[in-house]
Amino acid sequence: MMARLAILVLVCSPGAVLPAHTQDDYLTEGEISAVRDAQEPDKRMILWMDLAQRRLDAVKQAVATLKPESGRAIQESLDEYIHIMEALESTILDARDRRVPLSKGLKDVEERGNLYLNYLRTLNSEAIPGWKDFEYTLEEAMDMTKDQLAEVAKGNYPEVRERTPPTDLPPPSARPPSKSAPQEAPREEGPPRKSQRGS
Numbered sequence: 011m012m013a014r015l016a017i018l019v020l021v022c023s024p025g026a027v028l029p030a031h032t033q034d035d036y037l038t039e040g041e042i043s044a045v046r047d048a049q050e051p052d053k054r055m056i057l058w059m060d061l062a063q064r065r066l067d068a069v070k071q072a073v074a075t076l077k078p079e080s081g082r083a084i085q086e087s088l089d090e091y092i093h094i095m096e097a098l099e100s101t102i103l104d105a106r107d108r109r110v111p112l113s114k115g116l117k118d119v120e121e122r123g124n125l126y127l128n129y130l131r132t133l134n135s136e137a138i139p140g141w142k143d144f145e146y147t148l149e150e151a152m153d154m155t156k157d158q159l160a161e162v163a164k165g166n167y168p169e170v171r172e173r174t175p176p177t178d179l180p181p182p183s184a185r186p187p188s189k190s191a192p193q194e195a196p197r198e199e200g201p202p203r204k205s206q207r208g209s
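Numbering (the numbering used here), first residue to last: 11 to 209.
Among the hints, erroneous ones may be present.
Claimed, not checked - Derived DSS-like pairs (lysine-lysine); straight-line CA-CA distance at most 27 Å: (1) K114 x K53; (2) K114 x K77; (3) K77 x K117; (4) K156 x K114; (5) K156 x K142; (6) K117 x K156; (7) K156 x K70; (8) K164 x K53; (9) K142 x K70; (10) K117 x K70; (11) K117 x K164; (12) K156 x K53; (13) K77 x K53; (14) K117 x K53.
Worth flagging that the hints you see were computed from the coordinates, not collected in a lab.
The task is simple: from the sequences and hints, build the whole structure.
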């Protein structure tokens, strides 16, 4: 478990140098290299979803064998899927802390995440040989996928959406009075002017 945690921290840190191989690792050497190269959070999120897809493809192949002993292989692939989802979450949170936009990555996780969740739900059946071997791991995988879908639904900057306008501000000051309409000039005293006399 500690080895996995160390790999997760290293992989999720941009520019980190990863060991070529660690015991109990959930990524292949090629995958570690690909994650290291994907420095932009958007690209890394899409890559995590690609790696998650590989694990589900491995699950599909194991299910297709219809052998009871395949339950262990399914459990291992689902366990790796869970750790990939955890790495995805770390990438999202790190990008938000650094105020990096995640438009493409969020959209990809939303679209494919729903597909992954639908497939995982089809595995929740005792009719699948070896189901007892991966029952609890499957439940965790579904919960983790739901968590990521809820996370991406918050958008790039969830703290902005959660803000509410203040309600304790003083009322706006009264507007300055408008200029009064022009008044008539005062009538002059004395005899009328020539122009004012009748003809």
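Comparing the hints with the structure gives:
1. As the CA atoms of K114 and K53 are separated by approximately 8 Å, the hinted pair is consistent with the 27 Å bound.
2. Taken as a hint, the K114 and K77 pair is broken in the structure, with Cα atoms around 39 Å apart against an allowance of 27 Å.
3. With a C-alpha separation of about 37 Å, the suggested pairing of K77 with K117 is violated against the 27 Å cut-off.
4. Annotation: proposed proximity of K156 to K114 holds, straight-line Cα distance about 19 Å (limit 27 Å).
5. About 22 Å separates the Cα atoms of K156 and K142, which keeps this hinted pair within 27 Å; it holds.
6. Between K117 and K156 the CA atoms are separated by roughly 15 Å; this keeps the pair inside 27 Å, and the hint holds.
7. A C-alpha spacing of about 20 Å is found between K156 and K70, which places the hinted pair at or below 27 Å, so the restraint holds.
8. At roughly 19 Å between alpha-carbon atoms, K164 and K53 fall within 27 Å of each other, so this suggested pair holds.
9. A C-alpha spacing of about 17 Å is found between K142 and K70, which places the hinted pair at or below 27 Å, so the restraint holds.
10. Among the hinted pairs, K117 with K70 is consistent with the structure: their alpha-carbon atoms are about 25 Å apart, no more than 27 Å.
11. For the given pair, K117 sits about 12 Å from K164 by alpha-carbon distance, which is consistent with the 27 Å threshold.
12. At roughly 21 Å between alpha-carbon atoms, K156 and K53 fall within 27 Å of each other, so this suggested pair holds.
13. A distance of roughly 37 Å separates the Cα atoms of K77 and K53; the hinted pair therefore is violated under the 27 Å criterion.
14. Note on K117 and K53: the hinted pairing holds, with a Cα-Cα distance of about 12 Å set against a maximum of 27 Å.
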